[in-house]
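These are the residues of each chain, in order.
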Amino acid sequence: MPALGMAQDTGVIVSWRKALGDRVDISDPLFDVETDKTTMEVEAAHEGYLTEIRADAGAEIPVGQTIAIIAASGEVPAGTGVDLVPDTPKEPVAPTAPNRTEPPAVRDRPAAPSTPSAAPTISASPKAKFEAHRRGIDLRRLVDQGLPQPFHVADLDRLMPETGTAGPSLQASLLTANFAWPAFDGFIVWAEEKTGRQDMRLHTLAAFAAAALRTEVRSDGADSLAVSVMSVEVGAAEIILRDPDLQGLGDVAESAEEAGDAKPDLTLIDLSGTRLVAYKPAIWPGHLTINITDDTEDKGLATLHFCEDDLSLLAAARFLDNFAARIAEPVVQLL
Amino acid sequence: MREITLSQAVNEAIAEEMRRDPGVIVLGEDVAEAGTPFKILSGLVEEFGVDRIVDTPISEPGFTGIAVGAAMTGLRPIVDIMFGDFLFLVMDQLCNQAAKTHYMSGGKLNVPMVLRTNMGATRRSAAQHSQSLHALVAHIPGLKVALPSSAYEAKGLLKSAIRDNNPVVIIEDKLMYQDKAPVPEEPYLIPLGEAHVLREGRDITLVATSSMVQVANEAADRLSGDGISAEVIDPRSLVPLDEDTILRSVKKTSRAIVIDEGHQSYGVTAEIAARIAEKAFYHLDAPVQRMGAMDVPVPFSPALEDLTVPTAEKVVERARKAVRGALFHAA
Amino acid sequence: MVRESQAKNTDSYVQMYRQMVRIRSFEDNANQLYLSGKMPGLTHMYSGQEAVAVGICEALEKTDHITSTHRGHGHCVAKGAAFKEMFCELLGKAEGYCRGKGGSMHIADQENGNLGANAIVGGSAGIATGAALSAKRLGTDAVTVCFFGDGALGQGLLYETMNMAALWKLPVIYACENNLYGEYTHVSEMAAGDLMARARAFGIEAVEVDGQDVLAVNRLAQDLVARARRGKGPFFMLLNTYRFFGHHVGDINRGYYRTKEEEAGWKSERDPIANFGAWLVEQKLVTTDELDDMTDGIKAEAEAAVTYALDAPYPPADEVGAHVYAA
Chain A
2 MPALGMAQDT GVIVSWRKAL GDRVDISDPL FDVETDKTTM EVEAAHEGYL
52 TEIRADAGAE IPVGQTIAII AASGEVPAGT GVDLVPDTPK EPVAPTAPNR
102 TEPPAVRDRP AAPSTPSAAP TISASPKAKF EAHRRGIDLR RLVDQGLPQP
152 FHVADLDRLM PETGTAGPSL QASLLTANFA WPAFDGFIVW AEEKTGRQDM
202 RLHTLAAFAA AALRTEVRSD GADSLAVSVM SVEVGAAEII LRDPDLQGLG
252 DVAESAEEAG DAKPDLTLID LSGTRLVAYK PAIWPGHLTI NITDDTEDKG
302 LATLHFCEDD LSLLAAARFL DNFAARIAEP VVQLL
Chain B
122 MREITLSQAV NEAIAEEMRR DPGVIVLGED VAEAGTPFKI LSGLVEEFGV
172 DRIVDTPISE PGFTGIAVGA AMTGLRPIVD IMFGDFLFLV MDQLCNQAAK
222 THYMSGGKLN VPMVLRTNMG ATRRSAAQHS QSLHALVAHI PGLKVALPSS
272 AYEAKGLLKS AIRDNNPVVI IEDKLMYQDK APVPEEPYLI PLGEAHVLRE
322 GRDITLVATS SMVQVANEAA DRLSGDGISA EVIDPRSLVP LDEDTILRSV
372 KKTSRAIVID EGHQSYGVTA EIAARIAEKA FYHLDAPVQR MGAMDVPVPF
422 SPALEDLTVP TAEKVVERAR KAVRGALFHA A
Chain C
33 MVRESQAKNT DSYVQMYRQM VRIRSFEDNA NQLYLSGKMP GLTHMYSGQE
83 AVAVGICEAL EKTDHITSTH RGHGHCVAKG AAFKEMFCEL LGKAEGYCRG
133 KGGSMHIADQ ENGNLGANAI VGGSAGIATG AALSAKRLGT DAVTVCFFGD
183 GALGQGLLYE TMNMAALWKL PVIYACENNL YGEYTHVSEM AAGDLMARAR
233 AFGIEAVEVD GQDVLAVNRL AQDLVARARR GKGPFFMLLN TYRFFGHHVG
283 DINRGYYRTK EEEAGWKSER DPIANFGAWL VEQKLVTTDE LDDMTDGIKA
333 EAEAAVTYAL DAPYPPADEV GAHVYAA
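Residue numbers (this note's numbering), protein chains in the order written: chain A, 2 to 336; chain B, 122 to 452; chain C, 33 to 359.
Derived from the structure by calculation, the hints contain no laboratory data. Nothing here was measured: the structure is a model prediction, and the numbers come from that model. Heads up, a few of these hints could be off.
As the list claims (entries may be wrong) - DMTMM-like mimics (lysine to aspartate or glutamate), calculated; alpha carbons at most 25 Å apart, straight line:
(1) A:Lys19 with C:Asp325
(2) C:Lys168 with B:Glu438
(3) B:Lys301 with B:Asp324
As the list claims (entries may be wrong) - Simulated restraints on C-beta separations:
(4) A:Ala20 with C:Tyr289: 53 to 59 Å
(5) C:Ser68 with A:Asp57: 18 to 24 Å
(6) B:Tyr309 with A:Gly287: 47 to 53 Å
(7) B:Pro361 with A:Val235: 53 to 59 Å
(8) A:Gln66 with C:Thr172: 50 to 56 Å
(9) A:Asp23 with C:Ala354: 30 to 36 Å
(10) C:Asp343 with A:Asp224: 17 to 23 Å
Positions of the beta carbon are idealized from the N, C-alpha and C atoms, including for glycine.
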């Protein structure tokens, strides 16, 4: 079946102009084909004898399929007959009755809320949504605060910190550990002599905290940890140290970073050496705060504020205990 | 550093390349003695002769086609099309022949030719001599497209275009031919596909092409008075496009406006804005805005023509709205 | 002396016959590939016009250039292309001349100076003229032949480039194959006035020749090519010829624009291969058997090439993005 047109896939044989066994010369009309446009006569391209006809008049055959054989000699092979079954015409597909029980098209649907609850959609820029997610801020808080939509990143900073009765998603928990100061104090004296630096206290606390965090909480180890430290006694501004536990003793200062938009994984607030005994910080998921305060003359307290949604009590306890142990026995830490 | 006009920069680029490579020739109308109506090529025919600075009849398709054949067989022709509006005349030779020959031949035939033409309205030249049609050619795979925004860019980009083994369309802004800029004496190249950050900023990215670079720069000056720091980026070439520089900037500033003198619809601003939206979506704090020429044929009357193109004032207004978060469409 | 030149002539005559048979054989196979649904897209048969391509290309060197048309297989074979790579290209296979990326209508054989078939009617007039400009500028003595059909006489580009070729005295020969039909319309309905006067209007010397007579075509081509090489160009040839098949391979039911009698007449009386073969035998330069043997050999070569091409691999998928830009 020849290709006779640009978009033709099949052709219907209208009639054969030659019979089985007939002598055929080049250009003799051989058969007529009906395409979607018209009926065309197909001529023989070779001379010889028509020894096989494989499709009858009326058959619809795909382009490229062999429908007859012209051979040099006139012998008609035995058993030659029509053996090509034309394509079975496709079953007409019974049109399915339209499902009248379906509600009509989308047009009628009121604006669908994106949250499962019945709350209306919140309009916010992609960046605002991204930042909110990253910081663990629920955009409904901005709605509640009455900030106008659509929200932008700047609006997240306008968010008032939550008061004591936190919503169910931001339950702040608190754990306290105690430890003895003397060993630590002695260690710091030695360290400051050795390195010639004056800021070893805060840096060492940060390193111990990061180490404890890495061991007990972030045990997959791959994360880079940022620890923010501040000391009231020293009075220095908050600094951020990256992976202070992975630096050499005197090199912790090298890991200081600019406090920027990036939120630290852990905030360490050293209130020791002052009369301050308690501080409750703002908290968000993924973030931890430890306050260090003085208890009795030789004892200190480390208080961990955390979200139990984020960090289990068990993990928090292990972390804080690990941290306190390092302060209590700093030399063991070095080993 | 010395300052020369854009016209002189183009002249120098062509002269230097013609001295360097005897295969470089120029074909166009009135390019020889007349040095083109814009007087850009003055002096070249005296140095290189009429065999290399070839005056043609008014047959844009014809001599563009000839350039294609010449490029395929060992020359590096520069075709001068007097007005960008005449690009429509040469589209078959440029887009069906030149652009596709390397691909259709399976990489065997090259067409190292340059087509130089111009763009830009507000010259009172009316609709058929004022169009900026770079979007049409940027759309065709196989062509490279460069848009110099100053004399410095013009020289460096044109030299790179002449040395490129592909058909490169380089479009100068006809209003800028007498504008001066610092241009080094020593030869230099500006590669295609490298954007230029004219000034850094934190609050909004202004991506601008050709003469709109100055518009964006002026807008940035005014915005800094408002305490808004704008970053201005000149892509320099549309194909290839330096996406990375643009995206890095938008990730930093979270806001963008794309400014171009092609028509607002279905053009360059749409392409760049779409890429920003696609690839920097989560960093956007405001919708990406597009400022192109009005979707009207360029009117003759000065009172009307100047309304159809982006201005620094309009850019400032849009930038302020973006930073304030005052741009949105109701859901 | 006479014997030697006679022998040389015989060789070149036999070569011309061989090339024409190669074209005919190629086209027959290409046609079959289309009809049996094995070739993607469409193609345009050159059968009947062999003497034009062969007569002209036999007067050219490998370093001379040609540009071709959508009906380009004949020019391609005549300028030295091989069956295998040509069939591969028609089937879109990686070993085709264009790595399968051009197909029948864009087939190019750069090494043999074929700058490519062109799917835009008249679209290669600029390219051919440009190649002639290069030759002049670079001081090579290459000549370019621009093949086009009577249909291209409607394209403005042709006149623009002939004008410039004449102004600049370029070594290009515009070869108009007048096969009497532009697609489905007779040339008399498409081209007003005198066909050769068009070239003459630019001061270009124009010569008419019987396109079915390969010797006449070749003699004329030799003369014009030699003169073009010496800087006396451009020239215009009007070759009167006929295509035996339809406009493209699917144009089978064409009685409405071309009568069967007309077709039959050209096929029986004006077949360039049959006529030249008869002449060669009559002149006792070859025997009928020798010609038949040659023809059989060529047919076998073509069939083998088809088989090869059908089995040959397609270009890998990651090549779709290759060659958009040159390095």
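Tell me the numbers of any earlier hints that the structure contravenes, in ascending order. 1, 2, 3, 4, 9, 10
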